[in-house]
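Sequence lines, in order, name chains A and B. Residues 1 to 201, numbered by our numbering, are exactly what the first sequence covers, in order. Residues 1001 to 1794, numbered by our numbering, are exactly what the second sequence covers, in order.
If you're looking for bench data, these hints aren't it; they were derived computationally from the structure.
Taking CB as the label site, the calculated pair distances span: (1) B/Asp1069 to A/Leu61: 30 to 36 Å; (2) B/Leu1157 to A/Glu13: 55 to 61 Å; (3) A/Glu127 to B/Gly1609: 42 to 48 Å; (4) A/Leu61 to B/Thr1792: 29 to 35 Å; (5) A/Glu13 to B/Leu1441: 56 to 62 Å.
As the structure is a computational prediction, the values presented were derived from the model and not from experiment. Here a beta-carbon is modelled for each residue, glycine too, at the ideal position from N, C-alpha and C.
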Amino acid sequence: MRVNFTVNGRKQEADDVWEGESLLYVLRERMGLPGSKNACEQGECGSCTVRLDGVPVCACLVAAGQVEGREVTTVEGLADYAKHRQDAHPGGGCASGACGTSLQDAQQWKAHSAGGATDSQTGEGTELSPIQQAFIDAGAVQCGFCTPGLLVAADELLERNDTPSDADIREALSGNLCRCTGYEKILDAVRLAAARQGEVV
Amino acid sequence: MAGTTTGIPANVTQGSQTKGGVGESMLRPDGTLKVTGEFAYSSDMWHEEMLWGQVLRSTVAHAEIVSIDTSEALALSGVYAVLTADDLPAAKNYGMEYQDTPVLAYGKVRHHGEPVALVAADHPETARRAAAKIKVEYRELPVITDEASATAPDAILVHENRGDHHAGHVPHPNIVHRQPIIRGNADEAAKKADVIVKGEYTFGMQDQAFLGPESGLAVPSEDGGVDLYVATQWLHSDLKQIAPCLGLPEEKVRMTMAGIGGAFGGREDISMQILASVLALRTSKPVKMVYNRYESFFGHVHRHPAKLYYEHGATKDGKLTHMKCKIVLDGGAYMSSTPSVVGNASSLSVGPYVVDDVEIEAIGLYTNNPPCGAMRGFGAVQACFAYEAQMDKVAAKLGMDPVAFRQKNAMEQGTIMPTGQPVDSPAPVAELLRRVKARPLPPVRQWESSEGADVRALPGGLSNTTHGEGVVRGVGYAVGIKNVGFSEGFDDYSTAKIRIEVINGEAVATVHTAAAEVGQGGVTIHAQIARTELGVQQVTIAPADTQVGSAGSTSAGRQTYMTGGAIKNSCEIVREKVLEIGRRKFGSYHPAWANAELLLEGGKVVTDGGEVLTTLVEVLEDEAVEVEEEFRHRPTEAFDLRTGQGNGHVQYAFAAHRAVVEVDTELGLVKVIELACAQDVGKAVNPLSVIGQIQGGTTQGLGVAVMEEIIVDPKTAKVRNPSFTDYLLPTILDTPTIPVDYLELADPNAPYGVRGIGEAPTLSSTPAVLAAIRNATGLELNKTPVRPEHLTGT
Ligand code: FES
Ligand code: FES
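Same shape as in the complex, but just chain A:
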């Protein structure tokens, strides 16, 4: 089947999608957007969390067909999404098409970009959302596999609640497993992003 939907503010269509293919598979393997992670593919770990019409969901549990005509935001579009948060139409803030990753760009994804942890190629200059920056600054990223899902979930929390208590943060992130950090620095990161947001206002 063919599925038409909007990803990070860009219209996309996926052809030859099997019945039963998940949104996660379509994003990762067909759209070339591997930012949403595949840690359990059964809704238990939250690594694949994306926003579907603004609501956080486990992309591994959403059938591709269900997203027909809807809007999806992944970690790749998070900075842009945060930037256009005030717009009437979340995620659609880039009518010009200058934001987000084009299908063509995305499919340039090749093995050769593997593991490129390069001190001088840190993606410096990349525009980050406040929660993304806070995760880096607080040391909340270790292996980073849980990070995309946590970022999408935490960003949504901060959108709803700009002064979350620790209990609120724990509740909002309780669907996201992290095996590396012990969560303490993830809490720090969310607190930091909230505090910085508060300063700006």
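Assemble the complex: chain A is given as a structure, and chain B with the ligands must be docked to it using the hints.
Chain B with the ligands in isolation, oriented as in the chain A frame:
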């Protein structure tokens, strides 16, 4: 710039320090890539026209394979290959210490989930459906699942014809390895004891449960070889095992590290590396393979479950007299690193205490349970669980405070280990305990705020099943000792290639190693070391691959010590060479070149008096200096097979925990309120990641204490809970605050004084939580994990 230097500094300024060196809290260089979703993990690899590989795994634990019929699978459209052991190109077995693990089972299957056949297809679903159409006929055999069934005189042998070098020394062919340690005379010393305490402990099977599944991409190359992009802890160890199975020389197997989503020991053994390569060579197409979570539970070795039998004696005034123990580790169907785990468990079985008279025996079994091998803490974890429970029991029997009792018996620098090896660097065991104990306790009944009860803070959380009526608090302590680096005479080394050159008018260093960045932060500190040693700001970390010498494994807490040491070593030689060039060019202009101690700082050559001689850019011009050097730690030796004596370890790491728990005794639910840790890290190269490592390790220990266990059916040896629904991991709701207090008592033998960090915090957090639950409930609790039924007696 060539030809423009004068050699005479225009003006003399103070040398500026380089920023971002050793000891500073630095942010990860890969952080931005990881938060934007651009970091390429092994499961993100993609290639045009790639196929998907899928494994068919055994549905039974122990059986003869009567027949395998692949015809229906092959007939499915979209299927490119269906392979069994008969189709393998060369060696049929692999293994780290001994090659007893079949790539694909032949003759027999020895554990549930063992790979039996392989499929390559154009869509992962096609591959799965094809695998399901392969018909395997098994003739089931009785299963060996514990010490009794393994060592029975008439027991079926898990491996009929053992050819490994332990085979000649073990009392039964189903015992992989046995390591006794006899020192002093435990029976004689026991006569001096006023109290004797015995205990029997059971440690469950833990899974590393790294989030990034086993995965990678194998691309066939034009020379008949293969380019492999995978996530592993040790590229060169993989290479040694992969090449013979592909029938290729090592040069034709080029490995590049793909992004790693956690490891914790679970990526030390080969998983899909050979399988994907075989399919790629067979189909002449790139093959991507990604285990799903179910498969991941079968696709890597686990932490050895253990039975531990302990006896301690002590005098009235609280001195330990002797210790006897037997530790039985279940290694499962294949050897993996079981012999080394046995060595660790026995040599660290006394814990960080002074006991002169000991009688120790550790064995590792071959069974039909899932294979076990490396996991964070490696044999020391199981022992720590038992000896710390014993310490509490002895203290209670003597009527002593458990911390004071431990401090009284704590080892220190100079203590002789049960192996006869002296502890020759700081061992602040008593101090670490003092620090966790001195910390103020979190307020009691914190769910009762002025606004009423916040059920979220209660055991059971949001389920709102209680308002705290049956909740009691407990506090518990534990401390542990872990060896760092590879022990028992292993030739442990790491290699680093360092290059310095001028790029765009700036001196840039490139660090190239084969070290695995598994999330622990190696890439950050590699740059910090290069900055410190070479005085440059810009450092590029080249991707890890097999084009440079081995870095050894990212395990055993050894990578900062070993690859850090290799980088430091190589940088020192680079520095000498750079100064050599400088002397050649400018030596005649300034006497300091010949007679002062010269340093590289802030991109300049500086005398120890702070006088700037010139810049690195002027020294190097268009020359590049490149050095590839190895680093070895001081040699160790094997433990004697009868007495266990020998200088087997390089270094020790110490951590202590205090756990505060609240237990709902009616519901049988535990909430850990706080899990404070104190650890000696030798030198915190990057304080930010030191704390992150300690908190992460602590949480894995917490998991074992209250929820994590792979449950294997004792009758069938089948795994019952291979999913994140049934294998429970601590969430952010289960994990308390983890305050960390670290000491920096340098190890005089280690580069910068560093001490391995990652493993020690995993040891003591489990027994500390157990001690706290016992303290709250008065129950015996000799098993991990503690389940509600253990607390309510149901
Ligand atoms: S991958 Fe979707 S929840 Fe785990
Ligand atoms: S799972 Fe590795 S950082 Fe969270």
